[in-house]
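A.B. asks: Sequence:
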Amino acid sequence: MKRKWILTSILLVACFIRLGATIVAQDHLFPRETMTERMERIKQLGKETGQTVMYRSDILKDKMAPEFTAHTGNMEEWLKESLRNSDLVYNKIADKHYSVVEKEKTAAPQQSGNGIIRGRVVEAETSEPLIGATVKIVGTGFGVMTDIDGYYSLTKVPAGRHMLEVAYLGYMTEKVDVRVRDSQTETYDVALSPDSKLLEEVVVSGVRRERGSVPHATVSQVVQEIKELQVVASGISSEQISKSADRNAAQAVAKVAGVSIVDDKFVIVRGLNPRYNLTYLNDNVAPSTETNSRSFALDLIPSRVIDKIVVQKSPSPDVQADATGGVIKIYTKDARAVKHLDIDVQLGHRAGTSFNNDFLTYSGGKYDILGFDDGTRALPKGVPGYGSLKTAKLSPSEYAKAFNPTFAYGKKTALPNLQFTANYYDAFNLFGKTLSSLTSLSYKNENHKQGRYTQQGVGYESLFTTDRMGAEDRNTNTVQTNLLQNFTYTLNDKHVLFFKNFVLQQGTDGVVVRDSWATSILFRPNEGGAYVKNRDINLTYDQRLLYAGNLGGTHKFNKGRHEVNWNGGYTFSRQEMPDQRVVRLTGVMQEYAVGDAELLWRARGAVPATSGERIDPVPYSVGIISRLWSRNSEGVYNGSLDYNVKITPWLTAKAGTFHQWKRRRLDRRIYTVHEGSMVNPDYLGATDNPNFTTWINPKIVRFRHQDLPEVWSEAYLKDDYTGLRVYDRTSGADTYRGTEQNNSAYFLLNIAPANRFVEIYGGIRYEYNRQKIAAAIPAGFYSKINTPILVDNPMKSWLPSVSLSLRPIEQLVFRAAYGKTVNRTEFREVSPFQELDFANNTLLQGNPELVSARVENYDIRLEYYPRPDKGDLISAGVFYKDIVNPIERINNTNRVESNFPSISFHNAASAKVKGVEVELRQSFDFIPLPFIRNLSFAGNVSLIESNALFDETADSEIIKERPLQGQAPYLINAGLYYENAAWGSKIGVIYNTAGENIYAAGLGYRYNSYIEGPTYRGGLIELPRKLLDFSYTQRIGKGLQAKLTVQNILNEAIIIAEDYNFSNKYEPRKKEPVILEEMENEDGSVQRRMDYGDNFYSEYNPGRYFTLSISYSF
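Numbered as in this note's numbering, the sequence shown ends at 2113 without a single skipped number.
It is possible that some hints are incorrect.
Below, simulated SDA-like cross-link-like pairs (lysine to any residue); rule was C-alpha separation at most 25 Å, straight line [unchecked claim]: (1) LYS1555 - LEU1490; (2) LYS1661 - LEU1544; (3) LYS1653 - ASP1282; (4) LYS1717 - ILE1669; (5) LYS1400 - ARG1601; (6) LYS1771 - LEU1789; (7) LYS1717 - HIS1704; (8) LYS1400 - PRO1708; (9) LYS1046 - PHE1427; (10) LYS1410 - ASP1357; (11) LYS1819 - GLY1762; (12) LYS1411 - THR1360; (13) LYS1795 - ILE1763; (14) LYS1448 - ARG2103; (15) LYS1795 - TYR1642; (16) LYS1411 - ASP1357; (17) LYS2025 - ALA1350.
By construction, these hints were calculated from the structure, which means they are not laboratory data.
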């Protein structure tokens, strides 16, 4: 029995061995086919055995592979038989790794030579070594392949200058000017970028790339694109962004010539206010992300999803007309036929915030960590909803039960900031065609604590004004999630469809504690003129949802002679401020306090709580406590169709149409808390108003700071009205509706004879725009009636534009351009809607009389491209803009009557802007010194002068002439970059600054004898700030790299000055005031206009910011 078992086992083993031998020896039949098909077949067979073959597709064209039968699974046999009788050979560059090249590239001929060229070839973005790249000397037989680590070596190279050509499948070929010296070894490292055109060829052929690097815009590509454009433009590439410390699109675009940033998110082009610029996202108009302006906040777009940014500075018929400063075209990385995943994790440390144990916060919702409220802050069910003009009819105790009772805040340790980004590219077969996909997910969680100093007026000079000084402790936590999902469906090389989607969810919760004190004796209420402080505590949460989707296509007919592009888009944005809570307290200043001053804060009321109580009365409109809910929703539908026909080789015609419909709805609900004795807070009378009851409990209505956890309860909101009382202050003035339609059409010709020696690009655009708003003017003094108002602004515009380009030589382009544009009013600017921004302590008021501006634009520029393939560029240009009715932001704060700083909008009569721009981009790889050869420089300077004029018939005390609001007189950007491809190191040092500009213009000096000074406050001037950033990127392994950045190295503060002396420029505070003017009044008294200089209106330091990121590419 045992012997039978042994015999059976031997027979089974023999059968398995025989079966395995049969499998191994299985024949492979290779039919006669094209060499391209043969290499793809071998590549697929190699995957089964873990073998790879690399080749360039261009060397396989027009070659046939013979028929044969292979008896082994050895790739060397497959390649040897396939390449028999051809001019191709294979090389084994590593274990199981092979390359196919032309025979002349296998080795350098044995010539007399006395130099060596060696180096490393890597992928540009990730610094990953490229195995099997072809390196040859043009015009000779010298050529080799890179090894498994990306290294190459050419020996016995004749001394002298040569052109080195480096090529790799799917990548752009790079040419390098090299110099070889006798008996010397020269090192030339080369970085290659993926070639999107080759990928498109792969897609058309139906072949899917299983994995690979993603093409991105390089410096040389963007420079070449700008050179070929018919308009004046500047730009920045993904390659340059990757070398900087930029974390979002706003920081990246600030490096473009003539561009700067305000409020860390809005673009200023050529010094013009952000309202004069238009932002495109993937060739579609980006929606407004702000409630109070028409601007798009570029800080919402992470830098890692950006492919390139092009700023068009001269108008053209095929671009919307509402772009006087420029058109900012942001292109995100798009879907490609590759399979690729890259992940980036970033930690950020902000000086003064990270690990600070005094970071203020309050109890919110469980989904705050995801960027949206879970309903904790939602409007209670027992009160009217958004848009309802009804008021709540609740008793104090019902209010106490229905509303969230949280008013207390506490401290925690602020953790480092976190940002995560993942980009996944893939391609699929759909109905026999290639569907490419890009999914990009980004998440960030950032803390920011800042101390802000504020001051109105020059100090303690005046006796009867509302001038105040203050200090803020501002704490914010911002959570943001971005999702980008793009699809590209390639039917063939003539028809492509795309579907692009961008979703953003952002939530910011904050605690702002603002202490302020009056600098006028008139407003020092306690005995002896001792100073008291007011403390405003603001618990806030802002959340926004943004979706932008576009479906479109490109179709070419008759061998590309006719081209049709179409696009349909929808954008939805919703910004909410659910349950903003503000508590207003008062207390003596620390130097007058006895004991712990923090325990002396008490509620700041509107009426005395006890007989003889002296208070700094809180404005009736805001109450001791206020709670605000607001929601702004906007939907935008747009569609476009463009037709391009090539009539002759030198004449092209283009026509198109664009239509947009926009609808906005803004609603808010306001609840204020007052003393229970106040029967009607809308009656703004004196304290002996009969609407006040006779007695209130002072211990309740003058609650202390330490009572905040219990304030919103039935113990304080008493039904007998002896405590606090809640009022629903919502009215018809707390809502507005707006619609805007735009119907546009254009026609243009591109005339480019003599191989584009002369090129004329011009035509005309017609736009019909109609903006309609329904709103109400708030009730006035002693009035309970809101005044309804309808705004209807139809506008027809014929807008010609033309650009002339001369190209006398390949490297030189001369441009001249002219065009008309408009600058239309925005919903918020023209609505009478009045809003108190508690977070910034500012009252914002629209102006229904505002009109749109019209602009004529002139540009001349000379561009020289010594080596466009290296991204080298020298350009210089001048521009001029003539603006009629420019729209400006105005500081119309009254120094006697205004409880809050007040901002509004108005038209100047006209303005003129003129300037000079110079840009230089230079790579130093032509210098034969190893370190310097790896350096490159990019810099630009803009010098600008503006002049805004006002109606000569207006009030004589109104400013008649000054710089245009928002206009900076100079912009400077400079960056020095070092890249060592062999080491995988990239270093960047970037500097930029902008001159002072008027943040909000003043009305003018109007003397007020009561205060012996100006009635209105002067303009607000943003002072220059120098920024210096550092970036260091290092490859640390296969597909793995680290990046260290430092932003704001100089640690300069952000300062806004108040133009107290109305000179329209900043002049430091004078030690002794200067008499500017003396006038004798009718009564014999003397009226003096004094110059005290200017004060700092706002000052804070955002601190240095350090980031460390780790990225991995699969």
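A.B. asks: Please name the hints from earlier in the document that this structure breaks, with their numbers sorted from lowest to highest.
C.D. replies: none
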